[in-house]
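Colleague: Start from the sequences, fold in the hints, and give me the full structure.
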Amino acid sequence: MLIQTSTHNARLLRLPNIFTVIPLCFRSPPPPTLVWGRLVRYKRPKDLLFLNTLNMLTPSLLATILIDHSVISQRALIFASALASLYVFAQAAKRFLFPGRPCDDDGNYIPPGPIGLPIVGSFPFLTHYPELTLDYWAKRFGPLYSLWLGNQLFVIVSDPHIVKDLMVTNGAIFSSRKEMFLKSQMIFAGRGITATPYNDRWRKHRRLATTVLSARAVEGYTHVLDYEATILIKELIEYGKAGTLPVNPQPHAGRCSLNNMLTVVFGMRTDSINHPLVAKALRISREFMNCTGPVSNLTDFVPLLQTFSTLNYMIRRGKALHQDLVDTYGGMVKEIEARMKSGEKVPDCLVKTLVEEKSAEELDDLDMAILCSAFMIGGVETTASIMQWFSALIPAHPDIQQKAQDELDRVVGRSRMPTVEDEKNLPYIHAIIKAKRCHNPFWLGTPHVNTQDFTYRGQFIPKDTVLVLNTYTMHHDPQRHPEPYRFNPDRYISDSTLSSESANLANPMERDHWMFGVGRRICPGMWVAEREVFLVIARLLWAFKMEQIPGEPIDLEEYDGLSGRSPVPFRIKMIPRHEKVIEVLNHV
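Position one of the sequence shown corresponds to residue 27 (my numbering), numbered consecutively onward.
If you are wondering where the hints come from, they were derived from the structure by calculation, not from laboratory data.
What you are looking at is a predicted structure, and each value in this text was computed from that prediction instead of being measured.
Even for Gly, the Cβ is constructed at its ideal location relative to N, Cα and C.
Some hints could be false.
With a straight-line cut-off of 27 Å between C-alpha atoms, the simulated DSS-like cross-links for lysine-lysine are [claimed, not checked]:
| # | residue 1 | residue 2 |
| --- | --- | --- |
| 1 | 306 | 460 |
| 2 | 450 | 606 |
| 3 | 489 | 260 |
| 4 | 306 | 360 |
Here are the in silico distance ranges between beta carbons for each label pair [claimed, not checked]:
| # | residue 1 | residue 2 | range |
| --- | --- | --- | --- |
| 5 | 260 | 330 | 35 to 41 Å |
| 6 | 581 | 329 | 26 to 32 Å |
| 7 | 333 | 519 | 15 to 21 Å |
| 8 | 223 | 609 | 23 to 29 Å |
| 9 | 382 | 581 | 32 to 38 Å |
| 10 | 481 | 450 | 42 to 48 Å |
| 11 | 481 | 216 | 27 to 33 Å |
| 12 | 132 | 584 | 29 to 35 Å |
| 13 | 441 | 168 | 53 to 59 Å |
| 14 | 329 | 302 | 36 to 42 Å |
| 15 | 168 | 367 | 55 to 61 Å |
| 16 | 345 | 516 | 47 to 53 Å |
| 17 | 305 | 533 | 25 to 31 Å |
| 18 | 425 | 581 | 17 to 23 Å |
Modeller: What follows is the structure, given as structure tokens:
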């Protein structure tokens, strides 16, 4: 088999050596030690000597030495002054090295978790294959555990029942967002539907978003999604010379997804992958994902780093990205607004709605630019990544490909392409899309924040804690998904629900995947994404036999990106399945 495979355990072994250098960060700490009347925990045996030294340096001892001049020499006074300085340093060191665990009035402590390092917390352990580290900790500490990134407390949720209890049942408390320095303040300037806290501005932006993203609204531009899926097939045939040349499907999938969102947001599209907006928009989306993931940069969690704006590389990237959004998407908003003011008729789209409601909703130019930017980034990166993973998976599983194509020939035939009306009669295609959960575009759900203290099953979650859905662990739970790392559509063959329907099931264990989030902050674009992905995947399978190229194995373990996950670049052969493919396309 041409595909390179490396097991989950092998990937874990490839993690940085820091996992073997500081293994105690993964184990439960020794029993607490009493220091200055307060229970603290230590990480290394030699720390016990340090703690005993701190116990000796009591304030009363220092006061006695400094005040009683009759029993002490000048040299001893100098020594006492040094001890006093050491005492101040020790107090500061104690706060950094041995922070107390927050607890509520009833003595309930925060969930257990890795100890981490001074100042930076667990950040160094999450820079390479972070999803494997979080999965390891979930197995070690349980489905609800905590960790510190800099000065920010995170609680990682790895169980569907706990997710529902906290983020759905108690959604009024757990539906806000952390105003991250880089994402919220610098890039989105306190705006943006994904980054805004649970407040009136968010409700306003969410309401405006539903005008173009609701299930009913999607029906109005299904023809656009249909058209772009057809253009994608034509492009792949053209660039692959009808299957004679290898094709990298990534830029084509990216442009297809981009065009769908451009139509929804701006009422326009690009006519080629060589259009300058294609490369620029895809670069902006990837840069945003890499800069703003939950653990993508330390600047968000160490306030001291936020003061070095000229020296901090991440701050410079954030400023440049903000300007890219304002210049690119803000410029497009202004262009459409000018056309509308001149009396020109523009297509129905999000910008048209925003301009018409600008005064009533008290929107400024930056509001509109950032809201449109959030649409473009979220809509393009997610669906493009799904299409790319599909194109990487299918050539490696010819048996699955053949089974899907047999279903298409039986239900649709070869004289036409599949349409949205066929979806209910294509359970195996539907199952393939659901099985893609093993290669989720995001290894973590978008973080939530609680707006008040909350105690859950004896575990304290302080106000302003960042709660993260550990989607990687939930998607690879062997109790819910036997052989969780195997791409196996058969496990979903009896599940006819759409993901938007599955998200509302009473039993969270029956939900198909957590790709679109949960609760009041669930992705408003999931209806668009589902329809877009179905049309593209169904038509790719209808049109092509997808094959790996000898000597060019596809690596399904590695991926590009820090927050968003896309397969590393690859090429495949996309061979038209039968002579009617081109004939049908010519008549569309």
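Colleague: Flag every earlier hint the structure violates by its number, smallest first.
Modeller: Numbers 1, 3, 5, 6, 7, 8, 9, 12, 17 - these are the hints that the structure violates, sorted from lowest upward.
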